[in-house]
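Undergrad: Here is how the chains run, residue by residue.
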Amino acid sequence: MSNEVKLSTVGMNCPKPLIETRKALRKLKKGQILVVEGNHAISLKEIPKAMEDTGEEVIESKSMGDRWIIRIRKG
Amino acid sequence: MAAKSMTIILHSGDLDKAMAAFILASGGAAKGMDVTMFFTFWGLNVIKKGGADRARLSKMNMGGLGTSMMKGVMKKHGVPDMNTLIKDCDELGVRMVGCEMTMELMNVPKADLVPEVRDIGGVGTYLDAAREGHVNLFI
Numbered sequence: 001m002s003n004e005v006k007l008s009t010v011g012m013n014c015p016k017p018l019i020e021t022r023k024a025l026r027k028l029k030k031g032q033i034l035v036v037e038g039n040h041a042i043s044l045k046e047i048p049k050a051m052e053d054t055g056e057e058v059i060e061s062k063s064m065g066d067r068w069i070i071r072i073r074k075g
Numbered sequence: 076m077a078a079k080s081m082t083i084i085l086h087s088g089d090l091d092k093a094m095a096a097f098i099l100a101s102g103g104a105a106k107g108m109d110v111t112m113f114f115t116f117w118g119l120n121v122i123k124k125g126g127a128d129r130a131r132l133s134k135m136n137m138g139g140l141g142t143s144m145m146k147g148v149m150k151k152h153g154v155p156d157m158n159t160l161i162k163d164c165d166e167l168g169v170r171m172v173g174c175e176m177t178m179e180l181m182n183v184p185k186a187d188l189v190p191e192v193r194d195i196g197g198v199g200t201y202l203d204a205a206r207e208g209h210v211n212l213f214i
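Chain order of the listed sequences is A and B.
For the first sequence, my numbering assigns the number 1 to the initial residue and increments by one for each residue that follows.
For the second sequence, my numbering assigns the number 76 to the initial residue and increments by one for each residue that follows.
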């Protein structure tokens, strides 16, 4: 359970969801999981791409109405 | 690996243009890019202590009213203010460089700049970064 860290970006606009995701990820150890929640629509596409850019693993990304969840394992 | 490098010259001191520069810089760093920002001429004003708060819109400033309204709208929509973006850029490793020549012309000592600006340099400093850059922007 301590392996999973949650981050809410609800209400944040460009470029904050991506920035806060990266800042949170930098504080984690390799293999730890970050669960990001948000409602900035474009970030649901852009955050997974940015994670691929740096070799993280996107385990899950899903939309649930006006919210989304992205689950990332630090690479 | 997709990570590449980006440089941005910020020549403008306008709020809207400086915001674009810091959004690109922080976004690039968040995507794993090496980012260098070079602040020259009016762009130097936004990295003076308090300078980000003094920046005005390039259009529809209307004596400051337009700028105030835009800041209010940005806040309402969850867009970060410039001071926040400068701190984010620093935390994500963006290298911020003040233009030495502009500082001399405008009599701005390094102590007048925000602490996130760790470097002072000239055209050579910028170009050394730019020739390695995959994205080089002049704003």
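Hint data in this document are derived by calculation from the structure and do not stem from the laboratory.
Since we're looking at a predicted model, the values are computed, not measured.
Backbone N, C-alpha and C define an ideal beta-carbon position, used for all residues, glycine too.
A portion of the hints provided could be inaccurate.
[Claimed, not checked] Going by beta-carbon spacing under 10 Å, a handful of chain B positions derived as facing chain A: (1) MET145; (2) GLY147; (3) VAL154; (4) ASP163.
Undergrad: Now, for every hint given, state plainly whether the structure supports it.
TA: Hint check results:
1. MET145: violated, 14 Å
2. GLY147: Cβ of B:GLY147 sits 14 Å from chain A, so the hint is violated.
3. VAL154: Nearest chain A Cβ about 5 Å off; hint holds.
4. ASP163: This hint holds: B:ASP163 lies near chain A, its Cβ roughly 5 Å from the closest one there, short of 10 Å.
Of the numbered hints listed earlier, those contradicted by the structure are 1 and 2.
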